[in-house]
Amino acid sequence: MPNEWQTVLDEIKKNVTEMAFNTFLVNIKFVSYENNIVTFSVHNSFIKPNIEKKYKSQVLKALNTAGYICDDFNIIVDDQAAKKTVIRRPVETTPVPAPVSVHTGSYQPASVGSIANGFVSTLTSNTGLSSKYLLDNYVVGGSNDMAVSAARAIIEHPGTSYNPFFIYGGSGYGKTHLIQAIGNEIHKLHPEMNILYVTIEQFYGDFVYSLQKKKLDDFKNKYRNLDVLIVDDFQFIQGKAESQNEFFHTFNELYANNKQVIVAADRLPSQIATVDPRLASRLTQGISFDIQLPDFETRCAIIHTKAEMLGQMLDNVTVEFLAENFGTNIRDLEGELNRILLLADVRGVPTSDIIKDITPVSQPTQHRITPKQLIERVAKYYGLTSKDLLGTSRVKDIKNARQIAMYLMNEELGLSTVKIGNEFSKDHTTIMHGVKIIKTNLKSDFNLREQVSELRGKIYAN
Amino acid sequence: MEVEVLQTRLAKALSVVSRVAASTKAGLPILSNVLLRADGKQLTLTATNLELATVEYVNAEVKKSGTLTVPARLLSDFISNLPKDTIKMVADGEKLTISSGKYKSTINGILADDFPELPTIDEKEAVSFKIPADIFKEAVNQVIIASSNDATRPALTGVYFNTFEGSLYIAATDGYRLADRKFVEDVKSEIKAIVPAPALREVLSSLSDSVEDVEVAIIDSQIRFRLGEIEITSKLIDASFPDYRQLIPRDNKAKIKLNKTELIRMTKVAALFARESGGSVVCEAKKDEGSFGVSAVASELGENSATMEAEVTEDGKVTLNSRYLLDALNVISDEDVEYNFSGKLSPIVLRNIKNADYTHIIMPLKS
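Same order as they appear, the protein sequences are chains A and B.
Residue 445 in my numbering sits at position 445 of the first sequence; the count goes up by one each step and never skips.
Residue 316 in my numbering sits at position 316 of the second sequence; the count goes up by one each step and never skips.
Since the hints were made in silico from the structure, they are not lab data.
On a predicted model such as this, the values are computed, not experimentally measured, just so you know.
Take the hints with a grain of salt, since some may be wrong.
Said to hold, decoys possible - Listed next, the stretches of chain A that the computed footprint assigns to chain B, with coverage defined by at least 3 CB atoms under 8 Å from CB atoms of chain B: (1) 47-61; (2) 185-193; (3) 241-250.
Glycine included, every Cβ here is placed at the ideal spot set by N, Cα and C.
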C-alpha cells in the first residue's frame with residue numbers, strides 16, 4: 001500500500017525550492033490511483049502547466065518513493081470549478097462553418113441560488129448579529145415602549161439622535177433582543193455602515209488576544225472604525241481594569257466621531273462595582289432606559305409572537321397558563337413554550353390538553369426544599385448560621401438576611417406569613433413587615449436585586 | 001538575446017503589462033518581473049500574478065533570439081522616460097543592458113526558466129466569439145459597477161457570463177443592486193462562467209482606441225481576451241452564481257420615461273442633503289400632478305426637493321441609496337431612461353429606452 005499523501009508532499013518538498021513548493025505544489029490534493037496512474041487536483045488553472053512542465057520529474061520521483069508505482073500522473077483543475085462552470089459548444093446537426101466538437105466534461109446546471117442567496121444572506125456578514133432579532137417581532141408594552149421609540153430614532157439616524165444608548169434590566173427581560181434588533185435594522189437601512197455586536201466577554205477576549213499577539217493595532221482598527229458598536233452584558237466588565245480602560249478609550253473615540261454606541265447591562269453603570277465613575281457617567285449621558293419585567297398582558301403578547309414565529313397558533317388557555325407560570329424570565333418562558341409545542345406535536349393533541357397534565361418544570365423543584373433548608377442556604381450565602389437567622393439579633397446584616405429569608409419563603413415557597421412566623425417563632429405581622437421592606441427595597445436597590453436573584457438560583461439548585 | 005525596438009511602442013506595451021506584475025502578492029519574487037522573449041520578428045512581453053496574465057506582442061528587429069525576466073516596474077519607468085528613439089536591449093546571463101542614444105543602463109534580472117508557465121487555451125475546446133470594442137466597453141462598464149468586493153461571497157465578486165434563450169448575457173450583483181446586459185446575440189454554445197471583476201477591469205484599461213474587436217475564448221477553467229496585440233488570460237471564479245433572473249421583477253406596476261440628465265442632476269442635489277441618512281433619497285411619482293421628484297431631508301442642514309414633469313400612471317414612493325442610483329444612471333447610454341416601480345419595498349428597475357438590452361435593479365431602503 002502506498003503511504004499517506006502527506007509523504008508525497010514531504011518528498012516533493014525535499015526536491016524543489018521552498019518558494020516553488022509554496023507557490024505551486026503545496027495545495028495539490030490526491031484524487032485517485034488506478035492502473036498505475038495517479039491523479040491529483042490543483043485549485044488554480046495557472047498552476048497546472050507549471051507542474052507538468054517544470055516539476056514533473058520531481059513529482060514522479062516523490063510519488064514512486066512514497067509507494068505509488070507509476071510512470072505518469074494526471075492533473076485536474078479543482079473538480080468544483082468544472083462543475084460550476086459550464087462551457088458547451090453546440091451539438092450541430094446541420095452543416096455549419098464552425099468546427100464541430102462537443103465538450104466532454106460532464107454537464108451539470110449551475111445550482112439554482114434562491115433569492116435569499118442573492119439578496120438576503122449578505123445582510124448578516126460579520127456584524128455578530130443574529131438575524132432572528134428584529135423590531136417587528138419585539139413586543140412593545142408599558143415596560144419598554146420608551147426604549148423602543150428611542151431605538152427607532154437611533155435606527156433612522158445612528159450616531160446623532162441618542163448617543164450613547166444605555167439600557168438595563170433583569171435577565172430575560174429582552175435587552176439583547178432590543179439591541180440586536182437595532183443593529184439589524186440599522187444594517188437594513190444603512191447597509192454601508194460598519195456594525196459590530198459583541199458581549200463584553202468577547203471584547204475582553206479580543207483585547208487580551210491582541211495583547212498576547214502584540215496586535216493592538218488590529219484591535220484598535222476593529223473597534224475604532226465602527227459606525228455602530230453594540231455591547232451586551234456590560235456588567236461583566238467588573239474587575240477587568242485594563243479592558244475597562246480600553247473600552248473607555250474606544251468609547252470616547254467613537255463618541256467623539258458621532259458613531260453610535262449601544263450598551264446593555266443588568267443595572268446602571270454606577271451600580272456596577274469597580275466601574276470608573278468617569279465611564280459610568282459617560283455611558284448614561286446620552287439616554288438610558290430601564291427595561292422592566294413585562295406585565296401580564298405584554299407577556300401574553302410575547303407568547304403569541306413567539307408562537308407565531310414558530311408558525312403555531314396558540315389558544316388563550318395555553319397563553320395565559322404560560323404567562324402566569326413563567327413570569328419572571330422570558331427565556332424560561334420560551335423554553336417552556338417550545339416544550340409544550342413539541343409535546344402537542346408529538347402527541348397530536350391541542351396544546352390546551354398538554355397543559356392539563358403538564359407541571360411547570362420549575363414547580364416540583366420549588367417544593368423540594370424545606371423552609372429549614374431555605375433558611376440554611378440564605379444564612380450560608382451571607383456567611384451566617386441558621387441560628388443567627390432564627391435568633392433575635394438586631395445586627396443590621398443579620399436582620400437583613402432574616403428578612404430576605406422571610407421574603408423568599410413567602411414568594412418562592414408560597415408559605416403564608418403565619419407559617420413563616422412559626423418557623424421564626426415570630427408574630428405574623430413581623431413577617432409581613434419584613435417581606436414588605438424587601439419588596440420595597442428591591443425596586444430601588446440593585447445590589448439587593450442581584451443578591452435575591454442569586455439566592456433564587458441557589459434555592460432551585462437541586 | 002539582442003533586440004531593437006521603438007521606444008514609444010515598448011513604453012506602451014510595458015505600461016499595460018507591468019500593471020499585472022506590479023500588483024503581485026508577496027511570494028515568488030519573479031512574479032514582479034516581466035518576461036521578455038525575442039523570437040522571429042517580435043518581442044513578447046509577459047507578466048502574471050498567477051490569477052491573471054497579460055501578454056503583449058511588439059514588432060522588433062531581433063538580432064539574436066532569447067529570453068530574460070527583469071523587474072517590470074523599473075523597466076517600465078525607465079523606458080517611458082527615454083527619448084523617442086530606437087532602444088537596443090542585450091541580455092547577457094542575468095543582466096539586461098539597455099541603450100538608447102546617450103542613455104545606457106544595466107538591470108539585474110532572473111533567468112526565464114523560473115518564470116511560471118502560463119496556461120494555454122485549446123482552441124478546439126474553447127467557445128469563442130468576437131465583439132466590437134465599443135460595445136464590449138459599454139456593456140462591461142454597465143455591469144461591472146454592480147459587482148461586489150466582499151471576498152466572503154466569491155461568486156458576487158465577478159461578472160457572470162451566461163447564455164439564455166440563445167443570447168449571451170453578462171450580469172453582476174452585490175446583493176443590493178443587480179445589472180444585466182445582453183452581450184452577444186445568436187450564441188449556439190452554452191456558457192455559465194464567472195469572470196473575476198479585476199480581470200475585466202484590466203481588459204477595459206488595456207483597450208486602446210485602435211482596437212476594433214475583442215476576441216473572447218472560454219474553456220472550463222479560464223477565459224482569454226485578445227485585444228489587438230494584447231492577450232489577457234484569467235482564471236474563472238470557482239463558485240455558483242445565484243439564479244438572478246428570479247430577482248428581476250416581471251410585472252412592474254408603473255413605467256415612467258424620464259430625462260436622464262435631469263434625473264442625475266436631481267439625484268446629485270438631493271444627495272447633498274442625504275449625508276446624514278447614509279445617502280438615502282426619496283423618489284416619488286405623483287399621478288395627479290404628473291410629476292416625478294427626488295427629495296432628501298437632513299435634520300440639521302435642511303431639506304431639498306426637486307421635481308420634473310413626467311407622464312405618471314400610478315402614485316409611488318420609494319427610498320433609494322443615491323449612490324446606487326447615480327452609478328446606474330451614469331452608465332445608461334440613452335438620453336431617456338425607463339423607470340419602473342411597483343411598491344415601497346419592491347426593487348426599482350431602470351432600463352434603456354431605445355434598446356431594452358440593459359436592466360439595472362436597485363433594492364429600496366426601508367424608510
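Results for each hint:
no. : hint    : verdict
1   : 47-61   : holds (count 7)
2   : 185-193 : holds (count 7)
3   : 241-250 : violated (count 0)
Of the numbered hints listed earlier, the single one contradicted by the structure is hint 3.
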